[in-house]
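*Asks:* Given next are the chains, with one letter for each unit.
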Amino acid sequence: MSESNTPNPNYEPGAHPDWPPPVKTTGVIGWVRLNLLSSPLNIVMTVVALWFLGTVIPSMIEWLLINAVWDAENRVDCWKQMTFPGDPDYLSKELPRGWVQPGGCWAFIENRMSLFVYGFYPEPERWRVKLSFLMLVVAVLSVLWDKMPERKFFLWYAVAFPFLAGWLLIGGFGLSPVETDLFGGILLTLILGVTGITFSLPLGIMLALGRRSKMPVVRILCVLFIEFIRGVPLIALLFVASTMLNYFMPPGTVFDLLVRVLIMVTLFSAAYIAEVVRGGLQGIPNGQHEAADSLGLNYWKANRLIILPQALKISIPGIVNTFIGLYKDTTLVLIIGMLDPLGIGRSSLADAEWAGLAREVYLFIAIFFFISCFSMSRYSIYLEKKLHTGH
Amino acid sequence: MGAPTGTEPSSGNLIARLWGNEETRSVIIQIVTLTVVFAVLALVVRNVAINFATLGKSFSFDFLFVPSAYDITFSPFIDYNSRDTHLRAAVVGILNTLLVAASSIVLATVLGFIMGILRLSSNWLVNRMVYVFIEFTRNVPLLLHIFFVHGIIITTLPPPKQAMNIADTFFLTNRGFYVPAPVLEAGAGVVVIILGLAILCVIGFWHWAKQVQDETGKIYPVFWVSAGVIVGATGIAYFVMGMPLSWSIPALKGFNFKDGMALKPEFLALWLALSYYHASFIAEIVRGGILAVSHGQTEAAYAVGLRPNRTLQLVIVPQALRVIIPPLASMYLNVTKNSSLAIAIGYMDVVATIGGITLMQTGKEMETMIIVLLTYLFFSLLISASMNWFNRRMKLAER
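First to last, the protein sequences are chains A and B. Note that the working numbering has the first sequence beginning at 1, numbered continuously upward. Note that the working numbering has the second sequence beginning at 1, numbered continuously upward.
By construction, these hints were calculated from the structure, which means they are not laboratory data. Where is the CB? At the ideal position from N, CA and C, for every residue including glycine. Since no wrong hints were added, every one of them can be taken at face value.
Now the stretches of chain B that chain A is said to cover, found in silico as 3 or more residues with beta-carbon under 8 Å: (1) 113-123; (2) 140-146; (3) 362-375.
With these hints in hand, go ahead and build the complete structure from the sequences.
*Replies:* What follows is the structure, given as structure tokens:
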């Protein structure tokens, strides 16, 4: 490549000093040459990508932050602040014709924040929601952080958490009862997500074991259940929950809609978990079953101590993906009239004071879901690496 | 099951002894399970009967033959108006579901393969940009994507009067995307038959070419020959029959466009959102599949003297496809099922017609939901059966 690399015959054998690599292949220049400009096609792609980023990113930052308004009474106030920035008399001025909104009106989100978080949960009782969020943080921490002091106690607490929180929110412990149709926003998403995740995992594992059972009746029932649930969309099942399920109950039973939806969501994701876990079970070599048998372990002990720990370890990515899917699918409840964050956002958009600010609302909800789901998937990657004992 | 057999307790009654034996125990468990399941089913049926009786409802599918009295704005395949029956409305809904599912599957596959290959590009910038897009799309609910695209179409696109005009043939407005519609004239049938025959010939040629390749290793330019046969034969037939195909070009008349074909905003939004959302999953499947083919395969192919394009065609792609197809099939199933979100923006698919308006009008929850569930079950089983068949064929190549 360069002159410095040509061997100098004057050196004694073995005395040749180590030359530094050519400048063009190291450092920033080398990286750019290798990763951005390695072939004509790559050069073209880099140029196109840079042009795209150059046009999109500045206008995005401008819309998101620079021109954005954070404090306003209503939509028109927001827009006037954008058109006449720094003008103390902006409220008395008319908007020009054909005016286009140059920035985000985040005042809308701030204005609706408590709806987005609590739904219509009664104002004086909101400390219960806050307390249950705090309890959720402790429960999640105990599941995720394996060096937590007194972890065993906290794990039992995490198992009890859904019941404790449910009781707290609906109004046990002598608290005033709150109707479940007032639940909404992020609170509703978390209720659906956490309950679905906690109950669908054990149910899914049982279904997976049932599907691999040697007893034909058990196996066929599990297969029928799993294939039926996986063959229909969640929307249809939610419609079943909202319209049909009451007919299945003894006459006169009042069956809360939230509970019906929770059951459907749990069954739905359990069927998917079952298939993921079945994949994991199939990945366990037969020798493991035989080894467990030869130790004299019975079916349940063999599964609990030998088979499932290994099978679940290889199914982690699939299980977490199912959880992420479940978490995202909680938005579908808006179609049967429940107000999750997206439902709150849609109904806020119908308010004449703020109408037309769809971008802000959708972006806010998208960021909320992105943060939750992306951290779940990152955690699963971390867990997979941590539990990886192979070579 | 895993327990050692034949460890019956030496003493104890009959039940304990039966329970101690693995085979009899499994029979007992199955009988109990079956009894419980049937008991629950019987209870449910009884409850339904009582509830129906108290509400004065009946279980029958007669409502299907009653006029529906509601309009469906988007019915590209069959004629429908509000005097038609609920059954016809259901058929329109099913066809709409199939249309949006099939077109989303095609677009999602194309986009997914492009993104998956770009994710493997050595160009760092492109690689990262696609990564950011994929992660952001995957981690946001599909319903939000659908609302977002629908919102963009109906609020930021111009009304028909100021339509975005592309070469006077395509018009983009907030009422939909207007495209030319093909009009078949006399003799067009012959062209279609010739096209069908050409496709059959090409499939025969594929089989023959594969046989020759398996036996002798000789490779025919399959793609060019098939393209030539199809385009050539159809083209000749087209000109011989006197060009029996014309295009009806959309044009602005009054407040809206006439002629041509309109892709309604609801269809467009659902189609685009379903496509790019699932494409971001397909991209990861494709990337994983290609990475799963070990680098040694490429090196081995180079070592026996194959050029890069032949290596890709004969070594990498067939092995990668074997990894890609099973998850791809379940993704296609997901697209079909997720098309049910149509109801959120008012696209009239099977859930919105029979499971939505018909249900509201007739109050036949049980019957309409059964129809909806059976429809989806049928298509899901159809897709998974055909994908299993395809998968088996790919597997046979294994030695």
